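Residue numbers (this note's numbering), protein chains in the order written: chain A, 1 to 328; chain B, 1 to 507; chain C, 1 to 350.
Treat the hints loosely; a few may be bogus.
Stated by the list, open to error - For lysine-lysine, the following DSSO-like pairs were computed, each having C-alpha atoms within a straight-line distance of at most 27 Å: (1) B:K226 <-> B:K52; (2) B:K329 <-> C:K216; (3) C:K216 <-> B:K401; (4) B:K232 <-> B:K57; (5) A:K212 <-> B:K155.
What the hints assert, rightly or not - Label pairs and their in silico Cβ distance ranges: (6) B:D279 <-> C:V231: 26 to 36 Å; (7) B:G370 <-> C:R148: 22 to 32 Å; (8) C:N53 <-> A:N91: 32 to 42 Å; (9) C:V332 <-> A:N91: 21 to 31 Å; (10) C:R215 <-> A:K121: 22 to 32 Å; (11) C:A241 <-> B:P487: 48 to 58 Å; (12) A:H319 <-> C:V332: 28 to 38 Å.
Hints in this document: simulated from the structure, not taken from any laboratory. These figures come from a predicted structure and were not determined experimentally. Glycine is no exception: its CB is placed at the ideal position from the N, C-alpha and C atoms.
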Amino acid sequence: MAAGFLRDYYIYFVLLGIVVILSVANIDRYDLFERGNFLYPKNIINVLRVSAPLLMLAGAFCLLMVSGYIDLSVGSAMSLGAVVYALLAINGVPIVACVAITVVVGVGLGAINGFLVVRLKITPVIATLITLSLYKGIALLLVEDGVSAIKSGGGLKMPAWFNDFGRDGVLLGLPMAFWLAVAVTVALIIAQNRSLLGKYAAATGGNPTAAKLSGINTGRVVFGLYVLVGVAAALAGMARSSFMSLGDPLSGDGMELSAILVVLLGGTAFSGGEGKVLRSFIGALIIMALTVGMLTLVPAYYQTLVIGAALLAAAASNHLISRKKSAF
Amino acid sequence: MGFQVSDQRFPYVLSIEGLTKDYPGVRAVDDVSFSIERSTVHCLVGENGAGKSTLVKMLTGALEPTSGRMQILGADYAPASPSEARERGIATLFQELHVVNELTVQENLTLGMERSRFGFLVKSDLDERVVATLAAIEPSIDPAADVSSLSVAQKQIVEIARAASSGANVIIMDEPTAALSEREVDRLFDVIRRLRETDVTVIYISHKLDEIFKLGDAVTVLRDGKHIATKKLADVDGRSELIEMMIGRAVFHDYAPRANVSDETVLTAEGLSNDLLKDVSFHIGKGEIVGFYGLVGAGKTEIARALFGADPVSGTITFKGRVVDHSPKSAIASGIALVPEERRTQGLFTSLTIARNIPIMNMGKLSDRGVVRSADERATAIDYVGRLRVATESVDKYVEKLSGGNQQKVVFAKCLFADADLLLLDEPTRGVDVGAKTEIYDIIRTLADEGNSVAIFSSELEEVLGLCDRIFLLFDGSLEDEVANGPDVDIPHILNVVTGGAQGAVP
Amino acid sequence: MSVLSHLPAGAQSTAERPRDSGGRRMSDESFINLLVASVAIVLFLAASAMVPNFFQFQNMVNLVTNNWAVISLGVGVTFLLVSGNFDLSVGGQVALSGVLAVWFAQSTAGANPLATGLGLPTWLAMACALAGAMAIGGLNALFVVRFRVPSIIVTLGTMMVARGIAKVITEGSQRNTNLPDDFGALGNLAMFGTSIKFPVVLMVVLVLVAVFIERKTVFGRLTYWIGANPVTSRLSGVDNARHLTCLYLFSSAIAGVVGILLASEFKSGFSARGTLMEFDALVIALLGGVAIAGGFGSVIGMFFGALILAVVTSAATGLVLSPDWQFILKAVAVFLAIMTQTWALARRNR
Chain A
1 MAAGFLRDYY
11 IYFVLLGIVV
21 ILSVANIDRY
31 DLFERGNFLY
41 PKNIINVLRV
51 SAPLLMLAGA
61 FCLLMVSGYI
71 DLSVGSAMSL
81 GAVVYALLAI
91 NGVPIVACVA
101 ITVVVGVGLG
111 AINGFLVVRL
121 KITPVIATLI
131 TLSLYKGIAL
141 LLVEDGVSAI
151 KSGGGLKMPA
161 WFNDFGRDGV
171 LLGLPMAFWL
181 AVAVTVALII
191 AQNRSLLGKY
201 AAATGGNPTA
211 AKLSGINTGR
221 VVFGLYVLVG
231 VAAALAGMAR
241 SSFMSLGDPL
251 SGDGMELSAI
261 LVVLLGGTAF
271 SGGEGKVLRS
281 FIGALIIMAL
291 TVGMLTLVPA
301 YYQTLVIGAA
311 LLAAAASNHL
321 ISRKKSAF
Chain B
1 MGFQVSDQRF
11 PYVLSIEGLT
21 KDYPGVRAVD
31 DVSFSIERST
41 VHCLVGENGA
51 GKSTLVKMLT
61 GALEPTSGRM
71 QILGADYAPA
81 SPSEARERGI
91 ATLFQELHVV
101 NELTVQENLT
111 LGMERSRFGF
121 LVKSDLDERV
131 VATLAAIEPS
141 IDPAADVSSL
151 SVAQKQIVEI
161 ARAASSGANV
171 IIMDEPTAAL
181 SEREVDRLFD
191 VIRRLRETDV
201 TVIYISHKLD
211 EIFKLGDAVT
221 VLRDGKHIAT
231 KKLADVDGRS
241 ELIEMMIGRA
251 VFHDYAPRAN
261 VSDETVLTAE
271 GLSNDLLKDV
281 SFHIGKGEIV
291 GFYGLVGAGK
301 TEIARALFGA
311 DPVSGTITFK
321 GRVVDHSPKS
331 AIASGIALVP
341 EERRTQGLFT
351 SLTIARNIPI
361 MNMGKLSDRG
371 VVRSADERAT
381 AIDYVGRLRV
391 ATESVDKYVE
401 KLSGGNQQKV
411 VFAKCLFADA
421 DLLLLDEPTR
431 GVDVGAKTEI
441 YDIIRTLADE
451 GNSVAIFSSE
461 LEEVLGLCDR
471 IFLLFDGSLE
481 DEVANGPDVD
491 IPHILNVVTG
501 GAQGAVP
Chain C
1 MSVLSHLPAG
11 AQSTAERPRD
21 SGGRRMSDES
31 FINLLVASVA
41 IVLFLAASAM
51 VPNFFQFQNM
61 VNLVTNNWAV
71 ISLGVGVTFL
81 LVSGNFDLSV
91 GGQVALSGVL
101 AVWFAQSTAG
111 ANPLATGLGL
121 PTWLAMACAL
131 AGAMAIGGLN
141 ALFVVRFRVP
151 SIIVTLGTMM
161 VARGIAKVIT
171 EGSQRNTNLP
181 DDFGALGNLA
191 MFGTSIKFPV
201 VLMVVLVLVA
211 VFIERKTVFG
221 RLTYWIGANP
231 VTSRLSGVDN
241 ARHLTCLYLF
251 SSAIAGVVGI
261 LLASEFKSGF
271 SARGTLMEFD
281 ALVIALLGGV
291 AIAGGFGSVI
301 GMFFGALILA
311 VVTSAATGLV
321 LSPDWQFILK
331 AVAVFLAIMT
341 QTWALARRNR
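Modelling step: build the complete structure from the supplied sequences, incorporating the hints.
Structure (structure tokens):
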């Protein structure tokens, strides 16, 4: 009973703990947080604003891992989404078309992953490592040589609306991208509990043989989930790009690690079947609070170490928890 | 939902006529004809190899009959695939569970049959129906509970409810009680009886004769692929009649008492206990062939793995006067080798060549300071391939390319090369053709004659009777009895014990 | 054809041991190695035809010498892949050991924190740095063997931990001052009076030793057995946990040495060094026919895989393609390699 409670709710306590620690540690080393107070509204808005891309990814990635599959190319797909979005915007394409085309690109990227894994039966890790390299290469090639990112300059200027999506507050001071991430998460929570996709994802990851025997086309489920992750990655790229006012072909680097981390924090088992979208969303909040909040305590170069250690800790704790519950 | 015919004109839900299945060289099912009455529990019994599983595979569309025909409620039935069988109302309860632990009971019950609109689930009468079906057969299971929180028995019941609510007329259950406790078995039986009341027919396959008398309405006995009898259980004259029908008059057995069995004891096991085993004690003599005989789930494999140190067990194992450490590595070092139950997944490296498979258990013999003497390694492989007559043109052949019998010989070669004094053979001839079987028996006898001890863990009575000097009888994880083999060995007694007769309820 | 099946059962005499004469079929591994080597040669010739000045002896030498670090890492990664496990932490370990070596060797009296080290003698600094890298290897083994966490996730985590420590020690950049003069000796040592440096020679020796271990030793056999079927290997008396621990330590020792040599060559400990090297090491192993399912592959194949990658990337540079093309080229090369190898093996074994 206690173990079950721990498994279901520990993540909220972790989040609470981190917020409390960061709130009482009154250090404002980089002047990021006014008066060194983490819970000050402006800081919260800051954290949530930079969190939008990861929050956007967490739910879809969670569902994919629940089905027992993985996508290491999300970081590159996100970069490519950011570059495409910025490239279209800077060349005067209207906003609706920019968004639509970027989303279509996301569908395409996800579909390529799905095709490699489901049709060509390449191991998911290898297939998505291939596309990691591929998408990153395309993103880099879309940016002119000698320039690090797509941004205003050289006769071209980002349109005024470019920041609207990822930076400017629309509600409670938070930008559209954040609200979209919340909407996506809510939609995925509903999908996980109320749709065929959510149920079939759990069945595919939990007991593939049973799923197939029940007449479920597991290949189609997995393909659909890869497409979903592709779209989420493209939207995340848009959010990042809009927040930074540029299309950086490296902006998604390392995102696959953060995505795995938040999903593991959310209690998803490696073997698939288990895991909740909401808890992954909370996991993403934890990571962002941790990375942003850490800046008040320690220099930025501690980040890699802390994320790596958190990943190992999450993996180890999942192992320990899953061992406890296997006593039926 | 499928072909749920509620026409009362047909008293028989399923009739089989002249059903035959040929494999190259073997007729697994030979001209079997019988009919199964509606709303009954129809038991299917027979020794291993009697043709039960082949028959079931034909019923469920997994195999195509060579000849003969089947009918469901008077309509011709020739399923091309398991899914067609399901559509026609024949469901199977597999030994491994096909439930999704991560979903709730109700979600499992509707899996694959959901009603949806735009991809979203919608409430329908389906939900009410599955819940009602479950409540009718086992009201104590909460439809909202996570399946992972259920016991194995409850999961089984969920599968049964799933089959019943998908409109199955017939549910085939193959050894469903193998992993259940006594109380769980009683509950399962209640469920089956309630199913029968809801016009579902159950084909029940079990070795445990008590269960058959408790539960069954009728029984069909198969032997050597042939139909021996179909009778109402009320007309069967106790266990002994059933056993007689199963084994026939004479069991073929060519056991000859062996001269050179010494009195020296090599292995003593005392009080072995774990999840399944209950205080098992025995000893094995030098040069002796002993058999562990019991049904599926009686604990044969568990004893073999415990002796080999592959699974945790309490109790002591003394081998050649010393207590053995608990790991396969130290078992091999002290002279015990295991031919495991599943040769492809546990006994072999199928993706490697024969030459790379044989030497693993005794590399010290083929290497100096960690450097392999390749020529010796190869020569050893060639030598053992020759001795065991593995049919292959080269030791560089990949093991996955060999037939079952030859693969098993490679596993034997591995264990023989270990220079073991005690060989544990778990189902040594399962899935092996007749020729290879005889050769394997010769090898076993030769080994024992050379002074090695052999323990055979088998569910084939003929095999145990043909080879073993002493036979330990297992039932439900405990060692029930021990018999010395010989011309006058009491076969009905053996069958009585391993089918639960010693714990005796039904005469 | 077979003489074997005519021997009497139980014949104990080996006098009549059948000669396994002629027609010894090439193993699938040799077949793949040959395939990979041929592809490397064909690609080299094709590149020579297309790229000016490509077909030169010095260029051939450069293809190998420029890639000594990745090929060395590839050795450890290949062994682990053959045993059925990933190691994506080698790049991070390269950074970590280099940074540690520099930090340990820097003199204690520096002008600022980044110029101040522990002042150990060079050899001791390097030995301690190696131990640091191997600690990461130990961590990999602990999580993979004891906690049974999938190796891909563990080694992604330790990759960040290793690089993270390197970043902390260098405050996110590098340490390159206040080093003893002999620190740069090892990485720049020219051998046999040629321009070939010590690390390259070390790589060649490592590859040869690795081929020997893989082909001729019990250690090599154990690696294949565990990769081919860990259940069978355990039931055949193999201590899987111990062997996998050895492999992770072995891989991290190589990564540690590579990191130290690179630090010595550049006389600096740079926290971003070795970025993507773990990826390249994996790529060349896959190009070389190593199967991630385990139990199949060889160091020779990996070596030729490295040559394929080297030819493709240097030819691309020669064709004045932007360096950004390398990512796409790698992706396409790995994709084609996997598809061809699967297809070729399936056809051969039909």
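Quick rundown of the hints versus the structure:
1. B:K226 <-> B:K52: 10 Å, holds
2. B:K329 <-> C:K216: 22 Å, holds
3. C:K216 <-> B:K401: Distance of about 25 Å is within 27 Å: holds.
4. B:K232 <-> B:K57: 24 Å, holds
5. A:K212 <-> B:K155: Holds, at about 18 Å.
6. B:D279 <-> C:V231: 26 to 36 Å: Once the Cβ atoms are compared, 28 Å apart, the range 26 to 36 Å for V231 of chain C and D279 of chain B holds.
7. B:G370 <-> C:R148: 22 to 32 Å: Roughly 28 Å apart at Cβ, these two residues keep to the hinted range, so it holds.
8. C:N53 <-> A:N91: 32 to 42 Å: 39 Å, holds
9. C:V332 <-> A:N91: 21 to 31 Å: 28 Å, holds
10. C:R215 <-> A:K121: 22 to 32 Å: For R215 of chain C and K121 of chain A the Cβ distance comes to about 31 Å; the hint holds.
11. C:A241 <-> B:P487: 48 to 58 Å: 51 Å, holds
12. A:H319 <-> C:V332: 28 to 38 Å: At roughly 37 Å between Cβ atoms, V332 of chain C and H319 of chain A fall inside 28 to 38 Å, so the hint holds.
Checked against the numbered hints above, the structure violates none of them.
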